[in-house]
Amino acid sequence: MDSFCHSTFLSFFLLSSLLFPCSFAARILTAEEKQPVAFTYHKGVLLSGPISINLIWYGKFTASQRAVVSDFIDSLTAAREQNQQPSVSSWWAMAEKYYTQASATPPRLTLGDQILDEDCSLGKSLKNSDIEALAARGRRRRAINVVLTADDVAVEGFCMSRCGTHGSSPRSKSGRFAYIWVGDSAVQCPGQCAWPYHQPIYGPQAAPLVPPSGDVGVDGMVMNLASMIAGAVTNPFGNGFFMGPKTAPLEAATACPGIYGKGAYPGYAGELLVDTATGSSYNANGAHGRKYLLPAIFDPSTSSCSSLV
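Mature numbering (1 follows the signal peptide of the UniProt record, and there is no 0) puts the sequence shown at residues -25 to -1, 1 to 284.
Source of the hints: derived by calculation from the structure; they are not laboratory data.
Treat the hints loosely; a few may be bogus.
List of simulated lysine-lysine pairs, PhoX-like, C-alpha gap at most 20 Å [said to hold, decoys possible]:
hint, residue 1, residue 2
1, K18, K102
2, K35, K99
3, K35, K102
4, K237, K266
5, K18, K221
What follows is a set of in silico ranges between Cβ atoms, one per label pair, in the way DEER data are often shown [said to hold, decoys possible]:
hint, residue 1, residue 2, range
6, R146, Q89, 23 to 31 Å
7, V284, K99, 35 to 43 Å
8, T251, S104, 46 to 54 Å
9, T15, G264, 37 to 45 Å
10, R83, G238, 18 to 26 Å
11, L91, A13, 38 to 46 Å
12, T37, D88, 14 to 22 Å
13, D250, S276, 30 to 38 Å
14, T80, H17, 17 to 25 Å
15, S100, T75, 40 to 48 Å
16, A182, E93, 28 to 36 Å
17, S45, S100, 42 to 50 Å
18, T251, P179, 21 to 29 Å
Please read all numbers here as calculations on a predicted model, not as lab measurements.
Here a beta-carbon is modelled for each residue, glycine too, at the ideal position from N, C-alpha and C.
Based on the sequences and whatever the hints tell you, model everything.
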């Protein structure tokens, strides 16, 4: 198979990424591991031009849950002056710095098709190959196909080593596309994949933060999805931007695990904004009045993690 995949395991203690021998990889806790000092552009193709982000909903999601995610996609390239700062589009501008270094034009991301599979046509226990098959239901050209699994769907490696993955389809005449998988962890492992909106399963047991949407699982999905989109765009086929060995790559957002605001450290997400009306914590304003918590981006110009707040 001609594919490259990377995964995120969003937890307060996460410090590294390790590539599985299959087509998926996972960010794993390795407290003593030292990060490489700089990103390298490996001269591969980056996503550019118009790119449709197509959402494949697997399992039962409510309309309000789907709206939280689709509004996030709409927010990525919304005019920055239209949203209160700091904004989702300002976060995305940090990821676009990689394109400057590659002398390339950043992609224009737009919300594309939304495909519903509420009856779970492949069952409720999915393997890596099932994720790839689901992703192939979306567009095959100029696309990132995102598979989102409901909270009662088990996915190979989910909660054990990963919260989300990204990869690419094999080369073919019908086109090659990037894909992402993210699971709703609300039932299975919110302490691993929805922190800091849920208490972690290990380490300091600080009180969880209030999620902006009121849904721990969905707000956790957005955090993981944001991380995977940053990686899928800047390293879509395994030869774009990453640091460290190819067998254990760190990408634009996965190089900054657990950092959401200034002063972050293991068990503390950093200084965040708080909505006075709801008490929810966030660091980015989005379309339609949404608020989100987005991971820090590794800034290639400063070799440091940059957050919105």
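**Message:** Under the constraints set out in the numbered hints, which ones does this structure not fulfil?
**Reply:** 1, 10 and 17
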